[in-house]
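> Sequence:
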Amino acid sequence: MSSEEELAAAEGEHLRVVAAEADADERTIEAALRPRTLAEVVGQERVRDQLSLVLEAAKGRGRAPDHVLLSGPPGLGKTTLAMIIAAEVGTPLRLTSGPAITHAGDLAAILSGINDGDVLFVDEIHRMSRPAEEMLYLAMEDFRVDVVIGKGPGATAIPLEIPPFTLVGATTRAGLLPGPLRDRFGFTAHLEFYEAGELDEIVRRSAGLLGVRIEPDCSYEIASRSRGTPRIANRLLRRVRDYAQVRAGGEMSRAVARAALELYEVDESGLDRLDRGVLRVLCERFGGGPVGLSTLAVAVGEERETVEEVAEPFLVRNGLLARTPRGRVATPAAWAHLGLVAPAGAAAVDATLFDEPDAPLPGGD
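Each number in the numbering used here corresponds to the 1-based position in the sequence shown with 209 added.
Don't take each hint at face value.
[To be verified] Derived CB-CB ranges, DEER-like: (1) 474 to 269: 46 to 54 angstroms; (2) 456 to 241: 45 to 53 angstroms; (3) 372 to 463: 49 to 57 angstroms; (4) 266 to 462: 40 to 48 angstroms.
What the hints contain is simulated information worked out from the structure, not anything from laboratory work.
Ideal Cβ placement from N, Cα and C applies to all residues, glycine included.
Using the sequences plus the hints, can you model the full thing?
Right, dumping it as structure tokens:
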């Protein structure tokens with residue numbers, strides 16, 4: 210294996226360098242870079258101000274803050290905010306996730322260990338089982354749960370009192386939360402994607418924590434390719450740091466950042482190999498579309514779910530691809546990004562043809 214291949218493999222084969230999700234190992238690395246207080250959080254100004262007011266009011270009354278629901282795409286800081294809420298209140302943070310709560314008994318076991326004022330963080334709360342959701346309604350509203358002992362006609366419900374606590378739920382799919390659960394949150398916040406200037410500040414802060422000296426134009430180069438997501442910005446920073454250490458004597462300049470990100474196939478707009486592959490196939494093989502999702506996935510050589518859930522959201526958000534009832538269509542911006550000229554008669558993107566994000570397309574596509 211060449212030195213270039215070894216460097217590119219440092220990130221691991223299981224995770225795209227521009228993926229907004231993180232695995233367990235990366236979450237451990239992220240812990241050292243997280244802000245500890247609301248004052249240290251960069252961006253999300255509206256959410257910070259609102260959340261600060263909620264927490265200060267609760268502390269002034271000497272009560273646990275209202276339950277908090279944090280929604281938004283992955284990598285924007287929902288877990289970080291949950292940790293900050295616990296730190297600001299001065300109580301321990303208990304962490305779990307929706308997929309881990311498969312039965313009402315799982316939730317009852319967690320709630321039975323809650324102490325007065327604790328903060329319980331449930332990641333991916335939309336993936337909890339329905340029986341656990343129904344138990345959570347009562348716990349959030351009345352701070353008690355009914356534990357059922359036995360089965361059938363002889364089953365007995367024993368009420369279990371729970372000390373007042375604050376539930377912080379995080380979800381990337383707020384629309385999947387049932388109304389009764391959503392309504393029990395006293396404060397709901399939606400996290401937005403970050404501007405390049407905000408990500409630049411995050412990159413420079415993280416570089417300081419990592420003990421890396423970085424030039425301003427280098428940090429902005431990284432920030433501008435980070436797809437509006439702090440997690441991606443921090444990951445790209447670590448990859449540029451690796452490249453600088455191995456190839457550039459530790460120099461963190463704009464030229465070094467460009468060379469490193471070219472090696473990892475992340476272009477000026479934050480698109481990687483998969484993103485560009487989808488656009489190139491759509492434009493060069495299908496004349497810009499429309500083309501069905503399944504056909505597009507086969508042509509790219511990826512699973513349908515990978516194209517739809519991994520590549521498409523960013524391409525649509527950046528106006529490079531459109532979803533219509535007839536299939537996927539490349540926009541003029543997609544042709545321009547690839548340096549191609551749209552042929553005469555290429556499919557035009559008509560806003561009246563856009564479908565809803567989850568609307569089915571004809572022929573199963």
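> Looking at the structure, which of the earlier hints fail to hold?
2
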